[in-house]
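Novice: One-letter residues, chain by chain:
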Amino acid sequence: MTRLNGISHRGRVLTLDSMNPNVKRVEYAVRGPIVQRAVQIEKELKEGVKKPFTEVIKANIGDAHAMGQKPITFFRQVLALCSYPALLEDSKFPEDVKKRAQRILEACGGHSIGAYSTSQGIECIRQDVARYIEKRDGGIPSNPDNIYLSTGASDAIVTILKLLVCGEGRDRTGVMISIPQYPLYSAALADLGAVQINYYLDEDNCWSLNIAELRRALNAAREHCNPRVLCIINPGNPTGQVQSRQCIEDVIRFAKEEHLFLMADEVYQDNVYAEGCQFHSFKKVLFEMGPEYSNTVEMASFHSTSKCYMGECGFRGGYMEVINLDPEVKAQLIKLVSVRLCPPVPGQALLDLVVNPPQPDEPSYATFMTERTAVLSTLAEKARLTEQIFNTVPGITCNPVQGAMYTFPCITLPQKAIDKAKELGLVPDMFYCMRLLEEDGICLVPGSGFGQREGTYHFRMTILPPTDKLKVVLQKIREFHLRFTQEFS
Amino acid sequence: MLSCRRRASLPAPGRYSGRIPEWHTETRTDIKTDINSNMWNMKQLEYGALARRANRIKDELRQGVRKPYKEVIDVFQGDLHGAGMKPLTFVRQVLAACVYPPLINSNNLPLDVRQRAQEELGRCVGGSVGSYSAAAGIPEIVHSISEFIKRRDGGIPSHPENIYISPGSQWSISNILNVLVNREASPRTGVLIPVPFYNKTVLSITQLGAVTVPYYLSEEQGWALQVDELQRALESAKGVCNPVALYVINPGNPAGYVQSQKSVQEVIRFAWEKRLFLLVDELYQDCVYGENCEFVSYKRTLSEMGPPFSGTVELASFHSVSKGFLGECGLRAGYVELVNLDPAVMKHIHTLSSKDSCTPILGQIALDLMTDPPKPGDPSYPLYKQEIEHIRAVLVHNVKRVHEVINSLPGFSCPPLEGGLFAFPRLNLTPKAIQKAKELGLQPDTFYCTRLLEEGGVFTGPGWEYGQKEGTYHIRFCIAAPQDVMEELLRRLSSFHMTFMKDFS
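As given, the protein sequences belong to chains A and B, one line each in that order.
Just so you know, my numbering puts 231 at position 231 of the first sequence, and the rest follows in order with no gaps.
Here my numbering = 1-based position in the second sequence + 1000.
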């Protein structure tokens, strides 16, 4: 403390020097600087500033409702009744909606969604999740005790990482993650001070996963850390690839050989569009490989209510299923999740409806199926459209969008543009995306935010805008790219 | 196989002290305190066991098994709705209409409800509560919170960019702790914590690898916070850790005190002198009952103290929709207001919050309804006012009854509850009872709570879960329950207590 004029000047306790150094390393491109600029531009438009466009199209974040996708009626009706149970008397609501709401409310403390639930999540909902998994996986049993409801899948992913990351120096936990990856992983690993081990997906082969590449990355990593975890996102984000069954088997085999904990992020499991592609859950494949694997490989799979056909990001519903965890480790897991008390109860209720949708003999079934089919088929259509149009643009190459909600095309940038970017202190694809934002009001996320091979550039765009708007966006990007290439030729 | 044994980091039994095993390899050096060093390790197992027992008993009752009671009175947590208190009608009507917008056109809902729902939806991207919001929260709601704080604090401005909404206050507290705790620092980061404390925050502190430095609230003086004791605690940290933060709960949990303005000023002055970051849990600010008691926020006091304090003491104050009149624990929404933080650090806090996505939208809307409730003249106002007054009356009544009944029982005592939502009465257990507990491998107050659960059907928390002076015993229970439930609770508690004291006399 220094004294000036007899008054002590107290330095701050919390400074860049004293704070947790790991937090300084955290970045999250999906909501990063380009989005902040987009929000600023939106403000300017509201204030009447003239621009070459009248709105900013935020194709940066996987938020379906933000882009106009409608919620599923059945879900919202049940949740409305759960919020305000007096509506149970309202004849406008179908009987199956009322029954579901009653069942959920009965499982809540004081029959209110405002009561805490247990930290692991409401028991009957976990039972429903287990039944859903069993049905999905052809009857392979799922134990509700292995299900942990969470505040979105992200929460569960970070929880497992918190559990697994330990050691110091050369023994520090190494976590394998695909490049390109969803930047929650890199952010969480930076925050926890874990070692990130990158394995590259093969862009020339539709972003497929290569065991040889996994092995290369693992062996290199062993020099400086203790690799213990392997993360897979299937269907992939940002790349959209849907792994073949063979590939999943190979990964499981690899994980067993190398004693790796498998984290399978499967939040896009209903978002599969390409012909010949099918979602295979890691759990199912694991068990079909026989007891040698199913009794030994430790795994956590994640799912959420934010994607698929629901798109209910704002409810923060999700779960993880853990397989072959030591009971003592599970006890520690319970402690960890208890610190934040419990996942949001409306999100738990929504998850219950997702795993337990209307059945063919129920009044809401027809509407439910129509709505669900419409969402998924529209997404499939937009996936095809996107790939088609981008591939007509010289300098843009786009792999088929097999699944998920994004496209991650490769863009060829003229050397002059790369140089200009460096001059401005920007990564080349950030420079490209910033220009697109300023000139056309389209907000994408530069590939550098997800990771990519050195010397390659990409951007991630969501396929979520309504079809007509998407066509306009694709056209605008096409025109922009040609202009940009011309300017820097 | 992942296992606990695999970790070389687990110290030998007996030396193991106080935190969730964070798989660290460094040896743990803890402050020498009156808390049993095995507490942390045992404690979770015991609390878990008690909770499991409660659930088992509830299941058995559902299946029709005969017991001396028809239902378990669960007052273990500060869960108003769980204990039978009703949600506010206005809040739930607005939420329902936001979830299912066709209700906005329904004449069954009051006009102001429908208008408010429309307003809230207008702030949601794409007009849906299913879309993400900005990481710090829906901007209009953040603004609403800042206006609420300003009104509450007599006009002292509150800046929206200093406010972050999060899924419950614990989420926020652990985010701020995460920024404060430098795991690579030597000596280790320390955080001063009150005894008794709110266990979840303390779990966060230990989970992050920081060291807890306990300061004891004075039970003889109604759990008052004394600066001398803060000083003693700080001294005890010398050579053991580097204390950087002071965690305060006002009104208290579980101890039901409300700090006077003078006390708040003393704490702020202490934090300023000793260079401590102030973490203040103000969740119970609406729960004040004591005569001559008034909640005064740390923010307001700090501001009114003027320079050099007002411009330098770093403060994080936390609030949520879980307590007070809303009691919406299950919605998971709270906020932190950060004062005097380094702008460069604020940038990192912003990035950190962005990776967490956003707080559930329904929770954010509940926060808005809490900070901007119906006003006189609004159609919903009369009912809203009636419900608030009812809740208030129930709490005031319960607080009085609890004090009366507990103090009338031998071996049981508690100071007047000035605020908060819990009673934390002191048990004078006989040596025989303590001995029996030891035989069963339980903490004495856990033994009492277990018996109370089994025989009386009342689920309460053992004092050692929340910290207490060695050799003292307490139980904690929530006092926010409908009056008839509270009377039944007190009846069962009295009856059980007399039997227990007789059995172990």
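Hint data in this document are derived by calculation from the structure and do not stem from the laboratory.
Backbone N, C-alpha and C fix where the C-beta goes; we use that ideal spot for every residue, glycine too.
Possibly wrong hints are sitting among the right ones.
Stated by the list, open to error - If you want the footprint, here are the derived chain B segments under chain A, 3+ residues with CB under 8 Å:
hint, stretch
1, 1076-1083
2, 1110-1121
3, 1350-1364
4, 1394-1408
5, 1437-1451
Novice: If a hint holds in the structure, say so; if it doesn't, say that too.
Specialist: Status of the hints after comparison with the structure:
Figure legend: the stretch 1076-1083 of chain B, annotated as covered by chain A; annotation consistent (6 residues with Cβ-Cβ distances under 8 Å, at least 3 required). Here the stretch 1110-1121 of chain B counts 0 residues with a CB under 8 Å from a CB of chain A, which misses the bar of 3, and the coverage is violated. As drawn, the stretch 1350-1364 of chain B meets chain A at 12 residues by the rule of a beta-carbon pair under 8 Å; at three or more, the given contact holds. Here the stretch 1394-1408 of chain B counts 0 residues with a CB under 8 Å from a CB of chain A, which misses the bar of 3, and the coverage is violated.
Against chain A, the stretch 1437-1451 of chain B contributes 0 residues with a C-beta closer than 8 Å to a partner C-beta. That does not satisfy the three-residue criterion, and the hint is violated.
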